[in-house]
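Q: So the sequence lines, in the order shown, correspond to chains A and B. For the first sequence, the tail end lands on 530 under UniProt numbering, and the numbers increase by one without skipping. For the second sequence, the tail end lands on 312 under UniProt numbering, and the numbers increase by one without skipping.
Be careful, since some hints might not be right.
Unchecked claim - Cβ pair distances, simulated, as ranges:
(1) A:E362 with B:M65: 49 to 57 Å
(2) B:G84 with A:R421: 28 to 36 Å
(3) A:P225 with B:L14: 50 to 58 Å
Said to hold, decoys possible - Taking lysine-lysine pairs in the BS3-like style, the calculated list, with each CA pair at most 30 Å apart, reads:
(4) A:K232 with A:K155
(5) A:K164 with B:K50
(6) B:K50 with A:K200
(7) B:K50 with A:K125
(8) A:K214 with A:K247
(9) A:K329 with A:K485
(10) A:K214 with A:K232
(11) A:K345 with A:K478
(12) A:K220 with A:K232
(13) B:K50 with A:K185
(14) A:K146 with B:K50
(15) A:K423 with A:K478
(16) A:K465 with A:K476
(17) A:K345 with A:K485
(18) A:K423 with A:K356
(19) A:K125 with A:K155
(20) B:K50 with A:K423
(21) A:K200 with A:K185
As the list claims (entries may be wrong) - Non-contacting residues of chain A with respect to chain B, defined by C-beta distances greater than 12 Å in every case (computed):
(22) D66
(23) E83
(24) V97
(25) P225
(26) S266
(27) D297
(28) P371
(29) G394
(30) R484
If you're looking for bench data, these hints aren't it; they were derived computationally from the structure. Every residue, glycine too, gets a C-beta built ideally from N, C-alpha and C.
The primary structure of each chain is shown beneath.
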Amino acid sequence: MTKKIHTITLGRRGFLQGAVATGLAAGTMPLGQAIWAAEGAMLNAFSYADIDKLDPGFYQNGYNVDVMNCIYHKLARYVPGREWEIENEAAEELEQVDDTHIRFRLKPGIMFSGGYGEMTAEDVKFSFERVLEHDSPVKGDWGPLKEVQLDPDDKYAGTIVLEKPFQPLWTITIPYGVGHIVSKKAVMEATGDGGDFGMKPPAFSGPYILDEWKPNQYVKLTRNPDYSGELKPGYDEIRIIPMDDEKVAERAYEAGDLDYTGISLSSLSNYKANPPADTTIKEFPSLYYVWVGMNIDNEVTGNEDLRKAIQWAINVPQIMDAAYFGEAKPSTGLIAPGLTGHREKALIPPEGDLDKAREYLEKAGGPPAQPITIDTLNATTWKTIAEVIQAQLGQIGIQVQVNVQDSGSFWTLGMESEGDRWKNMQLVVNRFSMMPDPFYATTWFTSDQVGIWNWERFSNPEFDKLNDEALSEADKDKRAAMYRKMQDLMEESGAYRFLTHEASPVMYRDSVEPALRPDARPLYVGFKPA
Amino acid sequence: MALYAIQRLLLSVLIIAVAVCLLNIMLHLVPGDPAVMILGPRATPELIEKTRVEMGLDQPFLIQMATFFGNLLRGDMGVDVFTGRSVTTIVMEALPFTLALISASIAWAALIGIPLGAYSALRRNTWIDRITGILSVGTISIPSFVMALYGTLIFAVWLGWLPAIGAGEGFGDQVVHLILPAFAVGVSWVGYIARIVRAAMLEVMGENHVRMARAFGLREGRIARGYVLRIAVLPAVTLIGAGVAHLFSAAVFVEVIFARPGIGALIVSAVNERNYPIVLGAVLITTAIIVLATLISDLVIAWLDPRQREGL
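Starting from the given sequences, assemble the full structure and let the hints guide the process.
A: The structure is reproduced here in structure tokens:
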């Protein structure tokens, strides 16, 4: 079974208390207890997208990280389960010495494949610093990283030095994409300058290796013959099969071609009533956040009273019923339940209030003379959301035109670099993903993101200040209050109506024991036969 | 015949060049920045601009076009903006899957459709002819993606006889994985081919040379095979040639539904990602195949029927 070394509540203090003990416990455990791998087993799993980058320093999205988790090591990793926790992986010891110094010591004996030798602190330094040196698109994950100092007396030990405190380090940086450690020697040989090696990992250190990648067909991971760590692979082979449509994955699962898949919310009630044979269905919350945004700099939606009329006219439970078949719950803001900064309730109740909406509309001078537009992605759920809002706003006399766009067009809608389209954008149904730190959600809505990802063009100095300060705030309660206040400010601007965090149901064979993050993201490295 | 072939070949090259030019124009008209799609949401504006320069997107449109055609003459279709892999490699990896799908679809449709149409014509106005007519119109009316969905449900989910997704590995496995997708794409073509062949057979059966053959006392079976079907099959050949474009369209849906690799699935994802080099490369190859198929069908018809060559 998966060896749960020791788990600690995510956060700096908790980590300080637990990390050293974690490493010690791991180091003293007999090897025999850790070995549980099944022989000859194969897992077929569904993925929403194909991989396109296996260099952790330049990772693009979570689908790539799903594979990286299997083929590389990190200092610490997420613990599968319902709570956001991390545990040591490559680190024997991981300790926050003070607000800007994190000391680590690697477990001895972690080997890189291809004869690239043992993992040392030099590899850690190289892996982390190259993200900044090569101006990676995801260098923001390392925040204020200054350098990694090596311990002259211990080749396994070093200290991560930050310019200033950075709380997401424990929730995003170390256990996720840029936290993976690569072989300095192998990467330098492959790239010459230590830059992006793209899809060709020069060496592996995890329990699996990338055996084969057939674009748009599958990613094949097999046991790493050089692996000597404690996380023995549960399967001889894992195939991760990308599919554009989760309905296709559902049918493939029913036909026996998959062992694990996500389920669409429209299918969930059917599956719960009539589950496929030998199947377990589980529901998880999601970290996605969906909202209706309103362009503050547009001539029509620039009217704050009109925006507030729209906020109050939108009935979120009705949208949940129509677009999510009643399987998703209304959200209170950007930050999902269970995360620091989650609000217990929004300022505007989910059901809204048509009388209040009419009051605001009257103050705004009545409905706009021309229909206002609502832009949305060409996906069924999003279109339904837009159509329900169209009907709801019709109740107070606001005519709405739904503009459906393909993903390439939609995702540049509010960007100033794409010409003047942002000026005509009025309402937009939007959905962002996030990681288990509130910083990851609020960072897109600051003033310097206006015209980039802040399409509502919301600009509030207090919000910006709080966003900066919360990054360094070590007191969890204070930090939570700051993020709650930031969501209040967003809602008070009238530019946002928060809808939902959706949900992440999955199903898998009874013969599989999955390892899933609290948001149902698969941690394939921990999957094993039941 | 050689002159005819050369003329058609030159025309084909022109068509491909025009198609690629039009596609280039359309790609530049639709909104969406490839650099943003490549780098993801956390890239800085400076990095996005740097990437745009590296990709040549900062150049005027005509320069980009000239660069594309210049590279094309050297056999270089560029690289995938996400993975850095050669577009030629990516397209050529996907192409065999689509070609196999289209070939299998049209082959089984022709194998069933031609005899069905011929038999229907020979048994004109009988109950067999009427049933064939109903079946033909019925299959023509069913979109390939509907057939794909029901085919999967029945043969993969309920009966468990065939795989629901993928392309398989090794020849035997690949053939098994091809059955359902080829059925879905080809089924409407059974109806098309049967109706065309039936109509052409009836027309040819009334011509003088057929009456002459009958007058000489040849058996009906020999007349049908040797004197009628050979001519009656020509419209079906034209239909198949011209229908390759339609088959590619059907393959797009079917490749998504069966999670099969192929040109259709490749173009869909590349368009969504604004992966211009892949879109251009895949469409270039697809256009070339469609034009080539039309050319081949014209040449076959010209070979079978000398009157076509005289029309030039």
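Q: Hint by hint, note whether the structure agrees.
A: Hint by hint, here is what the structure shows:
1. A:E362 with B:M65: 49 to 57 Å: With a Cβ separation near 55 Å, E362 (chain A) and M65 (chain B) satisfy 49 to 57 Å, so the hint holds.
2. B:G84 with A:R421: 28 to 36 Å: holds, 30 Å
3. A:P225 with B:L14: 50 to 58 Å: holds, 56 Å
4. A:K232 with A:K155: Within the cut-off at roughly 25 Å; holds.
5. A:K164 with B:K50: holds, 29 Å
6. B:K50 with A:K200: Distance ~23 Å between K50 (chain B) and K200 (chain A) Cα, so the pair holds.
7. B:K50 with A:K125: At roughly 27 Å apart (the allowed maximum being 30 Å), K125 (chain A) and K50 (chain B) satisfy the hint.
8. A:K214 with A:K247: Holds, because 22 Å separates the two Cα atoms, which is no more than 30 Å.
9. A:K329 with A:K485: holds, 22 Å
10. A:K214 with A:K232: holds, 25 Å
11. A:K345 with A:K478: Given that 30 Å is the threshold and the Cα spacing comes to 18 Å, the pair holds.
12. A:K220 with A:K232: Distance ~17 Å between K220 (chain A) and K232 (chain A) Cα, so the pair holds.
13. B:K50 with A:K185: Since the Cα atoms of K50 (chain B) and K185 (chain A) sit roughly 28 Å apart, the hinted pair holds (cutoff 30 Å).
14. A:K146 with B:K50: This hinted pair holds, its Cα atoms lying about 24 Å apart.
15. A:K423 with A:K478: violated, 37 Å
16. A:K465 with A:K476: holds, 18 Å
17. A:K345 with A:K485: holds, 12 Å
18. A:K423 with A:K356: The hint holds at about 28 Å.
19. A:K125 with A:K155: holds, 11 Å
20. B:K50 with A:K423: At roughly 25 Å apart (the allowed maximum being 30 Å), K423 (chain A) and K50 (chain B) satisfy the hint.
21. A:K200 with A:K185: Between K200 (chain A) and K185 (chain A) the Cα gap is close to 15 Å, so the pair holds against 30 Å.
22. D66: Non-interface label on D66 (chain A) holds, nearest chain B Cβ at 16 Å vs cutoff 12 Å.
23. E83: Non-interface label stands for E83 (chain A): nearest chain B Cβ at 27 Å, farther than 12 Å.
24. V97: The claim holds: V97 (chain A) sits with its nearest Cβ about 28 Å from chain B, beyond 12 Å.
25. P225: Given that every Cβ of chain B is farther than 12 Å from that of P225 (chain A), nearest at about 22 Å, it holds.
26. S266: S266 (chain A) is indeed farther than 12 Å from all Cβ atoms of chain B, at 15 Å.
27. D297: holds, 18 Å
28. P371: P371 (chain A) is indeed farther than 12 Å from all Cβ atoms of chain B, at 21 Å.
29. G394: holds, 28 Å
30. R484: At roughly 24 Å from the nearest Cβ of chain B, R484 (chain A) sits farther out than 12 Å, so the non-interface label holds.
Checked against the numbered hints listed earlier, the structure breaks hint 15 alone; every other hint is satisfied.
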